[in-house]
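> Sequence:
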Amino acid sequence: MPKFTLDDLRRTLRESTGIDEEVDLDGDIADTEFVELGYDSLALLQVASEVERSYGVPIPGEQLAQLTTPGSVVTFINEQLQRAGV
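Under UniProt numbering, think of the first position of the sequence shown as 1, with each following residue one higher.
Any given hint might turn out to be false.
Listed next, with one range per pair, are the computed distances between beta-carbon atoms [said to hold, decoys possible]:
hint, residue 1, residue 2, range
1, 23, 83, 14 to 20 angstroms
2, 84, 28, 27 to 33 angstroms
3, 85, 37, 17 to 23 angstroms
4, 63, 3, 18 to 24 angstroms
5, 38, 84, 29 to 35 angstroms
6, 38, 2, 14 to 20 angstroms
7, 85, 35, 30 to 36 angstroms
8, 36, 82, 27 to 33 angstroms
9, 84, 6, 19 to 25 angstroms
10, 58, 37, 21 to 27 angstroms
11, 79, 10, 31 to 37 angstroms
12, 75, 14, 25 to 31 angstroms
Simulated from the structure, these hints should not be mistaken for lab results.
Using N, Cα and C, we set each Cβ at its ideal position, and we do this for glycine too.
Construct the entire structure; sequences and hints are all you get.
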C-alpha cells in the first residue's frame with residue numbers, strides 16, 4: 001500500500017502554494033505549526049485541493065482547520081488511504 005510521507009507533503013507545499021522558496025521545509029517540521037512555517041489557511045486550501053487531485057483524498061474544510069501541523073496532515077491522509085484500501 002502506498003504511503004503518503006512528510007516528503008510528499010513538502011513537495012506538495014512547495015508546488016501548490018508558490019510560497020517563497022526561502023521557507024525552510026527541511027528538517028523535522030512534523031510538529032511545527034503551519035502558521036510558523038508561513039502557511040495561512042488559503043495556502044492550506046490549495047494544498048488540500050492538490051492532495052485530493054493527486055491522491056484521491058479529500059480534506060473537508062472543517063477537518064483542514066484541525067490539521068495544524070505537517071505531521072497531522074500526513075497522519076490524516078494515511079488514515080484515509082488505509083480506509084480506502086489503497
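> Does each hint hold? Answer for all of them.
For each hint, the structure was consulted:
Separated by about 31 angstroms at the C-beta atoms, residue 23 and residue 83 break the suggested range of 14 to 20 angstroms. In this structure the hint that residue 84 and residue 28 lie 27 to 33 angstroms apart at CB holds, the actual value being about 28 angstroms. Between residue 85 and residue 37 the beta carbon distance is about 32 angstroms. The supplied range of 17 to 23 angstroms is therefore violated. Here the CB-CB span from residue 63 to residue 3 is close to 19 angstroms, well matched to the stated 18 to 24 angstroms.
In this structure, residue 38 and residue 84 meet the distance hint of 29 to 35 angstroms, their C-beta atoms being roughly 31 angstroms apart. Taken as a hint, the range 14 to 20 angstroms is violated for the pair residue 38 and residue 2, whose Cβ atoms sit roughly 28 angstroms apart. Separation of residue 85 from residue 35 is about 34 angstroms and conforms to the stated range, judged on CB atoms against 30 to 36 angstroms. Evaluation of the 27 to 33 angstroms hint for residue 36 and residue 82 yields a pass: the beta carbon distance comes to about 29 angstroms.
At roughly 20 angstroms, the beta-carbon separation of residue 84 and residue 6 lies within the given 19 to 25 angstroms, and the hint holds. Evaluation of the 21 to 27 angstroms hint for residue 58 and residue 37 yields a pass: the beta carbon distance comes to about 23 angstroms. Hint check: residue 79 to residue 10, Cβ distance near 19 angstroms, so the stated range 31 to 37 angstroms is violated. Taking 25 to 31 angstroms as the suggested C-beta distance range, the pair residue 75 and residue 14 does not conform, at roughly 20 angstroms.
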